[in-house]
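Chemist: Throw the hints in and build the complete structure from the sequences for me.
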Amino acid sequence: MKRYLVFILLSFQGLWAQVQFETRVSKNTLGLNERLQVDFFMNIDGDNFNEPSFEGFRVVGGPMQQVSQSWINGKSSFEKVYTYYLLPNQKGSLVIKQATIEYNGKIYKTNPVRVNVTNAIEQPRDPNDVSVSADSNLHLVVDISKTNPYLNEPITVVYKLYFGYNSVVTNLRELNKPKYNDFWSQNIEIKQLVAQEGMFNGEKCPYAILKKVVLYPQKSGKLIIEPLSLDIDVQLPTNRRNIFGQMQIKEVSKRVSAGAKTISVKALPEAGKPADFSGAVGSFDFRVTPTKTELKNGESLDLVVSVAGKGNLKLFTLPKPVVPNALEMYDPVHTEQVNTPLSGMVGKMSDSYTIIPQYKGDYPIKPLQFSYFDLNLGRYRTITSQPIVVKVLDGPMANDAVAAHPGSHKNQVVVNEQFKYIKLDTKLEPMAVNDFFGSKLFYSLLLIPFGLLPIIVLAKKKKEAIDGDVVGNRIKRNNRLAKKYLSEAKKQINNKEPFYVALEKAMHNFLKAKLHIETSEMSKDNIKEILLSKNANPEAVNEFIALTENCEIARYAPSSSATIQKDYEKAVLIISDLEKQLS
Amino acid sequence: MKNIVYIILLVSQVFFAQSEFAKGNDLYKNGKYEQAIDAYTSELTAKKQSAELYFNIGNCYYKLNKVAPAIYNYEKALVLNPNDADIATNLRFAQKRTVDEIKVVPKVGFAKLLRDFTAIYHYNTWAWISVAFSVLFLLSFLGYYFSALTLNKRLFFFGMFLMLLMLLISVASAIFEKSHFKNERPAIVFAEMTDVRSEPQNKGASVVILHEGTKVFVKETVDNWRKIQLTDGSEGWIDSNAIREVK
Chain A
0 MKRYLVFILL
10 SFQGLWAQVQ
20 FETRVSKNTL
30 GLNERLQVDF
40 FMNIDGDNFN
50 EPSFEGFRVV
60 GGPMQQVSQS
70 WINGKSSFEK
80 VYTYYLLPNQ
90 KGSLVIKQAT
100 IEYNGKIYKT
110 NPVRVNVTNA
120 IEQPRDPNDV
130 SVSADSNLHL
140 VVDISKTNPY
150 LNEPITVVYK
160 LYFGYNSVVT
170 NLRELNKPKY
180 NDFWSQNIEI
190 KQLVAQEGMF
200 NGEKCPYAIL
210 KKVVLYPQKS
220 GKLIIEPLSL
230 DIDVQLPTNR
240 RNIFGQMQIK
250 EVSKRVSAGA
260 KTISVKALPE
270 AGKPADFSGA
280 VGSFDFRVTP
290 TKTELKNGES
300 LDLVVSVAGK
310 GNLKLFTLPK
320 PVVPNALEMY
330 DPVHTEQVNT
340 PLSGMVGKMS
350 DSYTIIPQYK
360 GDYPIKPLQF
370 SYFDLNLGRY
380 RTITSQPIVV
390 KVLDGPMAND
400 AVAAHPGSHK
410 NQVVVNEQFK
420 YIKLDTKLEP
430 MAVNDFFGSK
440 LFYSLLLIPF
450 GLLPIIVLAK
460 KKKEAIDGDV
470 VGNRIKRNNR
480 LAKKYLSEAK
490 KQINNKEPFY
500 VALEKAMHNF
510 LKAKLHIETS
520 EMSKDNIKEI
530 LLSKNANPEA
540 VNEFIALTEN
550 CEIARYAPSS
560 SATIQKDYEK
570 AVLIISDLEK
580 QLS
Chain B
0 MKNIVYIILL
10 VSQVFFAQSE
20 FAKGNDLYKN
30 GKYEQAIDAY
40 TSELTAKKQS
50 AELYFNIGNC
60 YYKLNKVAPA
70 IYNYEKALVL
80 NPNDADIATN
90 LRFAQKRTVD
100 EIKVVPKVGF
110 AKLLRDFTAI
120 YHYNTWAWIS
130 VAFSVLFLLS
140 FLGYYFSALT
150 LNKRLFFFGM
160 FLMLLMLLIS
170 VASAIFEKSH
180 FKNERPAIVF
190 AEMTDVRSEP
200 QNKGASVVIL
210 HEGTKVFVKE
220 TVDNWRKIQL
230 TDGSEGWIDS
240 NAIREVK
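Protein chains in written order, with numbering that gives the first Met the number 0: chain A, 0 to 582; chain B, 0 to 246.
Hints listed in this document are in silico derivations from the structure and should not be mistaken for laboratory results. Take these hints with a grain of salt, some might be off.
[Claimed, not checked] Now the stretches of chain A that chain B is said to cover, found in silico as 3 or more residues with beta-carbon under 8 angstroms:
1. 443-450
2. 454-462
3. 565-571
[What the hints assert, rightly or not] FRET-style restraints, in silico, Cβ to Cβ:
4. B:144 x A:521: 40 to 46 angstroms
5. B:115 x A:295: 38 to 44 angstroms
6. A:468 x B:144: 18 to 24 angstroms
7. B:113 x A:295: 42 to 48 angstroms
8. A:382 x B:33: 37 to 43 angstroms
9. B:220 x A:301: 58 to 64 angstroms
[Unchecked claim] Subject to a maximum C-alpha distance of 30 angstroms in a straight line, what follows is the list of computed DSSO-like cross-link-like pairs (lysine-lysine):
10. A:504 x A:523
11. B:152 x A:460
12. A:426 x B:47
13. A:419 x B:62
14. B:62 x A:365
Glycine included, every Cβ here is placed at the ideal spot set by N, Cα and C.
Modeler: Okay, here's the thing in structure tokens:
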């Protein structure tokens, strides 16, 4: 029994806990022009219902309260629903926040619900709706001048609103301004909407141009233009008439949108693209004009680089002039005079550089090049400006700027340095010159003096040694004299007297050298004795003495040239013999 | 007879070469600078050169407003004749026409003093000077060795060591100057405009943009990239086609 009671209690608990309070939306994804039904559903009779603030929505209907209670097979069910109709104001992910109720002193909350609002979609037609006639009457049309332009080629987008003859547009609100991503856009202001006559679907229909935009695609590939959505209040005649028989007018609010468009942008051709191409597309004229080309010291000149014509004028940069460093160039003043009619930008863009020369002389400014893509020709064109030479007539020379000391000498005579004339004389040399430094010649020349040092030292030592040896020197001298006289004798072989004198002297000196004796000691006996003691052959000694005696006699006696020759040969023979024996 | 023919041939060669230079001078005088360049360069193709020849070619290019070749030829002339005032003057004129104005950071300190001293002469001249000192050393040794007077002996002995010292200095100068000559590789930017990059590849970030006529010093080589140093000391890599080395 007790167990049943507990069970019943528990099941009641369960019933109590079964409070349901939730938000139900008709759809989670909807277009900007669609309505959303939001039901706050509860299965209890709660009080103090608090609706959430519907941020991003406009409440077009509600709240409507609906209560139903039913008993089925003894089971009671209770339902209470608050219903709202909402219209989104913006695209994106919107949240319907929590609603609260109070029941038995407790507060219950719903879960927040997320709703995705996408671009406006075409709504299915409902012929019974009042707004259907508005649907058939109001058309927003987008005219795009070109759907496959080149990069940076202008295209125009015109939004036209067609409306029926019997409808009156009273108010227009732009809901969703299209953003032109990847385009450079210029909106052309329309001051007053003017109704014009046009054709739509083969019918005559008045229209007004709502919006004109010039677009310059900045990216190649498929680009999407977002749709434009408008809220239009329109007065439409109904079938009913008032008591005066006039047609009753009904005011309808209608949302229209022009569908998204895809534009495929062609990239500019790579073939023949100049290196200095900076993105200019159109047709242009390029000019570089200096205000003057001859100036005095301290004057300045303006160099105007200008591009005039039709094309994406604001969307590229002008080429920058390059000047020698003797000219001081300041940052440019940029001016634009550009009008944007529907056909695209037209006008002139220029950079004005102020240039102040610093030194005297002629300075060339290199020609500038400007390249653009010509849409008419479909290829690149390059315009080259004329070269400009700036003549600075006076002023400091380029080179004495360093030497100038202000206020050093007042009356200093400054000789201006001039550009030097060519040299008229030269000494041409072959190109491949062998370096002297490091060559064998260099090393040998460098080291020869050092190599000579020991030789000189040794030579001097030797000389001193020789000088010190007195006897040896004498022998040497006598030997030399002997040879000298012998050769003299040979010369005088035709003159008898000098021949014999020389021969005798030669022999005497020979003896002096060999026997180490002085002239005073020279006597035949003495000579013979010494010679023999020195192991000389006695026969040769005798012959030698005979020859010396013969010399004395022959000097005064007549003798033929044959005997002189014979005596000479004999002397040579004896001397050489003795030399061999004595050594 | 054969000898005479050879001599005539040789002499006429010299004569012909000189006339080509003179022809260039005449053309220059008449303002025909382009033809003058042709005349002068025919000397170069005959493997002959001189500082004056390069100087005249530089003048022609200067008159034709071609800055980079003008500076290039002046620098070449200065390599052959570093102390010529005319070349230095005209080089300064040409440099005023270049676009880049890069500061020349002066070197300071002992290295600068040393270089100032060794730069007085070309290293070949230093070599001859050292040979002269070597001979003087020998002479003073002879003087020392053979002079009888004590005073003379002392003087020559001192002179001997002085000469040895001078000899060593001049040989060291020659070595220093030669290594400097080999390591210093000046080059002139010929491209009208070129990027100096932080790395030897096209992706490398651009450090600075150089215009034609700017003097740089080549430090290293990687493929067809050259590591260069500007006169203000900053460094970077440049495409080898954009520059021409002077030496």
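Chemist: It remains to establish, for every hint, whether it holds in the given structure.
Modeler: Hint by hint, here is what the structure shows:
Beta-carbon proximity to chain B at under 8 angstroms applies to 6 residues in the stretch 443-450 of chain A; the threshold of 3 is reached and the given coverage holds. For the stretch 454-462 of chain A, the stated coverage by chain B holds: 3 residues have a C-beta nearer than 8 angstroms to a C-beta of that chain, and at least 3 were required. Restraint check on the stretch 565-571 of chain A versus chain B: 0 residues with Cβ-Cβ distances below 8 angstroms, three needed, restraint violated. Take residue 144 of chain B and residue 521 of chain A: their Cβ atoms lie about 42 angstroms apart, and the range 40 to 46 angstroms holds.
Separation of residue 115 of chain B from residue 295 of chain A is about 40 angstroms and conforms to the stated range, judged on CB atoms against 38 to 44 angstroms. The hint said 18 to 24 angstroms for the Cβ distance between residue 468 of chain A and residue 144 of chain B, and at roughly 22 angstroms that hint holds. Checked against the given bound of 42 to 48 angstroms, the beta carbons of residue 113 of chain B and residue 295 of chain A, roughly 47 angstroms apart, stay inside it. Checked against the hint of 37 to 43 angstroms, the C-beta distance between residue 382 of chain A and residue 33 of chain B comes to roughly 26 angstroms, which is inconsistent with it.
Judged by the Cβ atoms, the range 58 to 64 angstroms given for residue 220 of chain B and residue 301 of chain A is violated: they are separated by roughly 45 angstroms. For the given pair, residue 504 of chain A sits about 15 angstroms from residue 523 of chain A by alpha-carbon distance, which is consistent with the 30 angstroms threshold. The suggested pairing of residue 152 of chain B with residue 460 of chain A holds, with an alpha-carbon distance near 18 angstroms, which does not exceed 30 angstroms. At roughly 10 angstroms between alpha-carbon atoms, residue 426 of chain A and residue 47 of chain B fall within 30 angstroms of each other, so this suggested pair holds.
Simply put, residue 419 of chain A and residue 62 of chain B have alpha-carbon atoms about 12 angstroms apart, close enough for the 30 angstroms limit, and the pair holds. Among the hinted pairs, residue 62 of chain B with residue 365 of chain A is consistent with the structure: their alpha-carbon atoms are about 15 angstroms apart, no more than 30 angstroms.
Of the numbered hints stated above, those contradicted by the structure are hints 3, 8, 9, listed in ascending order.
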